[in-house]
Amino acid sequence: MAAKSQICSIWLGSETGILKGVSLSKKQAFNFCEMSCLSRDQEVCVMAWGDSHESEVLVGSVNGTVKTFSTDKGIFTATRECGDASQGRFTGLAVTDSAMITCVESGLLKVWKEDNSDTVEVNVGKNVYRMRQNPSQHNLVATGGKENPLKVWDLERPEKPIFTAKNVAHDWLDMRVPVWVRDIGFIPDSDKIVTCTGHHQVHVYDPSSPQRRPVLEAHFGEYPLTALSLPASQGTVVVGNTHGMLAILDLRKGLVRGSLKGLSGAVRGLHCHPSLPLVASCGLDRFLRVHSLEDRSLQHKVYLKSRLNCVLFSSRELEVSFFYPDLSGDVKEVKADEEDDEVWDSMETVIEKTKKRPVCED
Amino acid sequence: MDKTEATLSKDVSKKKSKTKKQKREVETDVAPVEERNQMEKSESAPCFPPTFSVSEIKNKQRRHSMFLKFKEERRKNKLLLKKKKKKERKALGDKAPPKEVPKTIDNQRVYDETTVNPEDEEVAYDEGTDEFSAYFNRLTNPKVLITTSDRPRGRTVRFCNQLATVIPHAHVYYRRGLALKRVIPQCVSRGFTYLMVINEDRKVPMFSFTGRITDGMVLCHLPDGPTAHFKLSSVRLRKEIKRKGKSPTEHVPEVILNNFTTRLGHSIGRLFAALFPHDPQFVGRQVATFHNQRDFIFFRFHRYIFKNEKKAGIQELGPRFTLKLRSLQKGTFDSKFGEYEWVHKRHEMDSSRRKFHL
Numbered sequence: 101m102a103a104k105s106q107i108c109s110i111w112l113g114s115e116t117g118i119l120k121g122v123s124l125s126k127k128q129a130f131n132f133c134e135m136s137c138l139s140r141d142q143e144v145c146v147m148a149w150g151d152s153h154e155s156e157v158l159v160g161s162v163n164g165t166v167k168t169f170s171t172d173k174g175i176f177t178a179t180r181e182c183g184d185a186s187q188g189r190f191t192g193l194a195v196t197d198s199a200m201i202t203c204v205e206s207g208l209l210k211v212w213k214e215d216n217s218d219t220v221e222v223n224v225g226k227n228v229y230r231m232r233q234n235p236s237q238h239n240l241v242a243t244g245g246k247e248n249p250l251k252v253w254d255l256e257r258p259e260k261p262i263f264t265a266k267n268v269a270h271d272w273l274d275m276r277v278p279v280w281v282r283d284i285g286f287i288p289d290s291d292k293i294v295t296c297t298g299h300h301q302v303h304v305y306d307p308s309s310p311q312r313r314p315v316l317e318a319h320f321g322e323y324p325l326t327a328l329s330l331p332a333s334q335g336t337v338v339v340g341n342t343h344g345m346l347a348i349l350d351l352r353k354g355l356v357r358g359s360l361k362g363l364s365g366a367v368r369g370l371h372c373h374p375s376l377p378l379v380a381s382c383g384l385d386r387f388l389r390v391h392s393l394e395d396r397s398l399q400h401k402v403y404l405k406s407r408l409n410c411v412l413f414s415s416r417e418l419e420v421s422f423f424y425p426d427l428s429g430d431v432k433e434v435k436a437d438e439e440d441d442e443v444w445d446s447m448e449t450v451i452e453k454t455k456k457r458p459v460c461e462d
Numbered sequence: 213m214d215k216t217e218a219t220l221s222k223d224v225s226k227k228k229s230k231t232k233k234q235k236r237e238v239e240t241d242v243a244p245v246e247e248r249n250q251m252e253k254s255e256s257a258p259c260f261p262p263t264f265s266v267s268e269i270k271n272k273q274r275r276h277s278m279f280l281k282f283k284e285e286r287r288k289n290k291l292l293l294k295k296k297k298k299k300e301r302k303a304l305g306d307k308a309p310p311k312e313v314p315k316t317i318d319n320q321r322v323y324d325e326t327t328v329n330p331e332d333e334e335v336a337y338d339e340g341t342d343e344f345s346a347y348f349n350r351l352t353n354p355k356v357l358i359t360t361s362d363r364p365r366g367r368t369v370r371f372c373n374q375l376a377t378v379i380p381h382a383h384v385y386y387r388r389g390l391a392l393k394r395v396i397p398q399c400v401s402r403g404f405t406y407l408m409v410i411n412e413d414r415k416v417p418m419f420s421f422t423g424r425i426t427d428g429m430v431l432c433h434l435p436d437g438p439t440a441h442f443k444l445s446s447v448r449l450r451k452e453i454k455r456k457g458k459s460p461t462e463h464v465p466e467v468i469l470n471n472f473t474t475r476l477g478h479s480i481g482r483l484f485a486a487l488f489p490h491d492p493q494f495v496g497r498q499v500a501t502f503h504n505q506r507d508f509i510f511f512r513f514h515r516y517i518f519k520n521e522k523k524a525g526i527q528e529l530g531p532r533f534t535l536k537l538r539s540l541q542k543g544t545f546d547s548k549f550g551e552y553e554w555v556h557k558r559h560e561m562d563s564s565r566r567k568f569h570l
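Heads up: the protein sequence lines correspond to chains V and C, in order. To convert, count from 1 in the first sequence and add 100; that's my numbering. To convert, count from 1 in the second sequence and add 212; that's my numbering.
The hints are simulated quantities; they were obtained by calculation from the structure and are not laboratory data. Just to be clear, a hint being listed does not mean it is correct.
[Claimed, not checked] With a straight-line cut-off of 25 Å between C-alpha atoms, the simulated SDA-like cross-links for lysine to any residue are:
hint	chain 1	residue 1	chain 2	residue 2
1	C	Lys548	V	Glu317
2	V	Lys127	C	Ala336
3	V	Lys167	V	Thr196
4	V	Lys361	C	Glu300
5	C	Lys536	C	Ser547
6	C	Lys288	C	Glu300
7	C	Lys355	C	Asp324
8	V	Lys361	C	Thr326
[Stated by the list, open to error] A few chain C residues that face chain V, going by a derived Cβ cut-off under 10 Å, partial list only:
hint	residue
9	Val335
10	Val464
11	Lys536
12	Lys557
13	Asp562
14	Ser564
[Said to hold, decoys possible] Chain V residues, not near chain C, derived (Cβ > 10 Å throughout):
hint	residue
15	Ile118
16	Asn131
17	Glu154
18	Ser206
19	Asp291
20	Ser308
Think of the CB as a built atom: it goes at the ideal place given N, C-alpha and C, for glycine as much as any other residue.
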């Protein structure tokens, strides 16, 4: 179990409640489920890294529990009740120094401290579709939803948001443009925030500028945009919509730089690799696809049998496969036996040495 | 032109060589006669110059007759070859090599990795708890509402009525310009499990009358189930079917679902299966077949009778149509904001003739 989870570079959460790990270099996919009894109310809604070393994955389910999965040990180490199904699904999960932040659809944003004491509660409005944390400043979170504009909250001063976005001006028929924020991203090295909406718009907001309206507005397609991710290289954003169209948009002018082909179902989760130009996408068509952002080609395609909700890219280990790319390799699914800890613990843990990069400069 | 058919080949060849020669030098009448004699001698094997092809003859009639001869020749050779092979096979008896299976597009189908393995637990669990689980666990009985697009014309109306005789517990309602999103909650409250909308399109040929064709079907499973949008073609109403039987009776038919192998195919197969009640009445001897071949789903409705233990006779009743899946959307009908589980994208998915998705 531990060996299998240590080599996985992509983690996915599915609608059946199974946490899946995929190793691209070994071309294998593994299921990590806690018990042999699965149920639909364990459907994974959100996933996040537990810490900056990416040794723990936090998995939030529909029934309100947040499970911690350790990638080193390969088992679920902790479960925490963070609300119940009556408040709606989890729409965001994040971790600060010692606390966990969760947000549900009804608008209740809670900060859970380790010792189960004094949770900070904030009401961010109804119909929240997404909550995201600023990767550089961990006390800032942004929320948005249907008819719930983008709000940036500072958790140290949770009474009022530090930034509330204003809706764009009326359209050419002088009618109010509806608001539906589906996904949010913080642009690194700046204050700016990108959102994608259910009305196929992409907005860039700048809280440091005096205007509360979007600084940039771009359109893509005719279908709601469901997921967004910012690649390592600046100036672009990858968005996906409900028809399975993935596009790379340029953030300077708001034009479509290119689209990534291959998906046939709605995109539910998108994640760009932290350093390499790769993007992993998962959706309702039960496939994980990894595309390269430079030439927009499909690098890997994995069939994973259940509809997938979220995807997480780990920043390690991919160096091996990147320099020896395999085009759409067949990944065989390997069933992981649960609770065979004794066998695995008694074996030596195998630590893979990353191969040295070929020296190519100078 | 005065020459007879029999000598036509010689004639043409002579003409051909003559034209060729004329390119180089002026020909007297002597040389072609010599040539012709030569041709006559080597008549047994048609010897044309190696670069000659039938398409180079400019005269259409001659070209056509040459081609017919060529085809005849080829057919004869093929038959000879077949006979020879058969003789060899007979002679060898048991030691003959196995018969070669001809390649068909269905044989050469690209292996689809989403093909469902019957022992797969995860897929079984996924199917066991999806939106159709209520039907397959015998908790609900199907009740179908059939309607059309607004202002349907005769053919579509007749088609809907015939569908209603084929599907038990089906009710046809006139559309009256209602929005589907408003119809759906009302259906749910009245206990319907399926909404079937037959779409009609205005086929406007260049200058003539405006005809209508039935070309689309939306099948929406009701409590919160998937919505499938199909392209409907080849619709044959009962009176257009030759040698048909009497009209279908009220008995619940059996359902046959053929060749739905992939995961998507499974979902669609279950969608069709949930249209009909669970227990077929074998007294009625009626069967509805959904046969999937190369992503086209053929619907037929038959009545069968067992003549003896080995033979059964079938009579086709009822309408016949073919469906092609265009999209499968999760949730009830919401084409603008719904999430699609599968969308048919022609340029990406139809690039290979041997890849099928259902």
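Verification of the hints:
Restraint check: the Cα-Cα separation between lysine 548/C and glutamate 317/V comes to about 21 Å, which is no more than 25 Å; the hinted pair holds. A hinted pair counts as satisfied when its Cα atoms are at most 25 Å apart, and lysine 127/V with alanine 336/C qualifies at roughly 24 Å. Of the supplied pair hints, the one linking lysine 167/V and threonine 196/V holds, its CA atoms being roughly 16 Å apart against a limit of 25 Å. Restraint check for lysine 361/V and glutamate 300/C: not satisfied, since their Cα atoms lie roughly 53 Å apart, outside the 25 Å limit.
Our distance criterion of 25 Å between C-alpha atoms is met by lysine 536/C and serine 547/C, whose separation comes to about 18 Å. Restraint check: the Cα-Cα separation between lysine 288/C and glutamate 300/C comes to about 18 Å, which is no more than 25 Å; the hinted pair holds. Of the pairs offered as hints, the one joining lysine 355/C and aspartate 324/C is violated, with about 34 Å between alpha carbons and a cut-off of 25 Å exceeded. A C-alpha spacing of about 19 Å is found between lysine 361/V and threonine 326/C, which places the hinted pair at or below 25 Å, so the restraint holds.
The closest approach between the C-beta of valine 335/C and any C-beta of chain V is roughly 5 Å, which is under the 10 Å cut-off, so the hint is satisfied. Residue-level restraint check for valine 464/C is violated (minimum Cβ-Cβ distance to chain V is 31 Å; threshold 10 Å). A cut of 10 Å between beta carbons decides the hint on lysine 536/C: the least distance to chain V is about 15 Å, and the hint is violated. Checking lysine 557/C against chain V by beta carbon gives a least distance of about 7 Å; that is within 10 Å, so the hint holds.
Using the Cβ-Cβ criterion of 10 Å, the hint placing aspartate 562/C at the interface with chain V is not satisfied: the shortest such distance is roughly 12 Å. Annotation: interface hint on serine 564/C violated; nearest CB of chain V at approximately 14 Å, more than 10 Å. Not every CB of chain C lies more than 10 Å from the CB of isoleucine 118/V, the least distance being 7 Å, so the non-interface label is violated. Non-interface status of asparagine 131/V relative to chain C is broken: a Cβ of that chain comes within 10 Å, the nearest being about 7 Å off.
With a minimum CB-CB distance of about 26 Å to chain C, glutamate 154/V clears the 10 Å threshold, and the non-interface call stands. Its beta-carbon lying about 20 Å from the closest one in chain C, serine 206/V satisfies the requirement of being farther than 10 Å from that chain. For aspartate 291/V, the non-interface assignment is confirmed: its Cβ lies about 31 Å from the closest Cβ of chain C, beyond the 10 Å cut-off. At roughly 33 Å, the least C-beta separation between serine 308/V and chain C is larger than 10 Å, which holds for a residue marked as non-interface.
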